[in-house]
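Novice: Next come the chains, spelled out residue by residue.
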Amino acid sequence: MELTVESLVFLLFSLITLGGALMVVTTRNLFHAALFLMLSLFGVAGLFALLTAPFLAGIQVVVYIGAIAILIIFAIMLTPQVTAVRPTNSQWIAGVVVAVVLFALLVSIVTPLMSELGVEGWSAVFTEKNPPPVPADSMARLGEAFVDPQGYMLPFEVASVLLMAALVGAVMLVRPARGAEDEAPQAGAQE
Amino acid sequence: MVPLWMYLLVAAGLFSIGMYGVLARRNAIAILMSIELMLNAANINLVAFWRYNQPAQVGGQVFAAFVFVVAAAEVAVGLALIINIYRQRRSVVADDVDLLKW
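In order, the protein sequences belong to chains A and B. Note that our numbering gives residue 23 to position 23 of the first sequence, counting from 1, and the numbers run on in steps of one. Note that our numbering gives residue 1084 to position 84 of the second sequence, counting from 1, and the numbers run on in steps of one.
Honestly, the hints are just simulated from the structure, not real lab data. Here a beta-carbon is modelled for each residue, glycine too, at the ideal position from N, C-alpha and C.
Facing chain A, from chain B, some residues (calculated, C-beta under 10 Å): (1) Leu1008; (2) Phe1015; (3) Ser1016; (4) Gly1018; (5) Met1033; (6) Asn1040; (7) Ala1056; (8) Val1058; (9) Phe1066; (10) Val1077; (11) Leu1081; (12) Ile1083; (13) Arg1090; (14) Val1093.
Pulled out of the complex, with its shape left as it was, chain B reads as follows (with noise of 0.2 Å):
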């Protein structure tokens, strides 16, 4: 098999660029969609780690399985604030949003 470091260094770009994602891009949904390569670069360390060092458990992966119900229910809400803002607002840019700033 590729070491392990592999693997690692596939999760870490795609932080990296769930990152950027998430500092730079205007959209609500964009942001939203970034933080899905976010939480997926930490489910392929879960995975990767299990394998390589436990593969006879099965903590890695019921780890990775509940990350996968949070993200769900991170989107599913996540959706509807984004949905309820646009109807307020008529805007899904998150500079828009500045209801809370001074």
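For reference, chain A alone in the conformation it holds in the complex (with noise of 0.2 Å):
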């Protein structure tokens, strides 16, 4: 791979995202883990700059790291930390061979490797270089599409609907018993 601008761009994004979402996975403090999450999640947001998506890099940052980052933080915080004990359970070592033998699995298919190891017909051949330009209003036409009766019309109400209802369900479940305190008797005999 030759040294450009871009590719710089791309290794320092990509080790952001990789970088951040290993910190994730295997930092004891549950409050470190959801900073290294919204780090891994902008990483996440340069690679899509990159890829002139810069519509949903926007939206990567707006709704990702402002929402449902700071969502999981209000939560880390509700709930006590447990920084003592070990953050794994018992069947880590199984969790680790499993991803690691999906990660060869992923990269013998995506990477030219095995076909320049020699084996024929198992790797996909992903090595498009020079894609055509995105036209110039993309982004207005990803907003046309969205509304659109012959587009995505149908799907973008069904999400919407979805959100609607995900909204209600996280009231209805999080909402304190009605006469909580008759119930609270109850509540402290599961423990």
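Build the complex from these two chains, which are given one at a time in their own frames, with help from the hints.
Specialist: Rendered as structure tokens:
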């Protein structure tokens, strides 16, 4: 790979993404894990920008970092921090094995490694380097496609209903039970 | 531009890290964060395939946007469930929630 500015920026954002993700799954302190999750999501936003998808990069920052990560931090603060005990369960070795095997399989398929090693018909060929440029009005066409009856209007409306249902469901789940004082001994008995 | 497989490689790494987190972490909120990582890996793939194969269409970006919507809904309901479980059982460790176990 020739060293251009673009490939350097790609490398930087990839390292941010993968390094942040590694810290998310390994760090003991859950609050730090949430901050590293924000870093990792920021790296993904950079990759989106590099792929000339500025709209997605924007909503990645606004929705993921601005809303979802903050929601997760709220939940972390509402529940107790148990940093003394180990952060992984008893099957973490099996988890490592599964993740490494999965990664090796994916690498063998998506990269040209296997065909360079001489194994034919195993890896898919994803070596495109110079795709045609994105049309300048790509973002406007994306917005029109969302509300076009011939385009994605029905999935768009269904997604709105899904969000609404999730919102109502979340409120229903965390709403304190009516007459919570009466149920308090029952909740205590379950401990 | 860098070849397409490099983006797919980053996405594969992100997905595998998320997979490890889902399998190995004890805290339910940490598991939810790992799921977010996996969803992001899928999104990188969607946008990369759109950019390299069909940049004149909008389908790839539309799919990625729907993944955002589903992720937001999933986090809202998931965190509500976790907080509700914490209220009932005083624990957010996934192993402790074994009501449905034999």
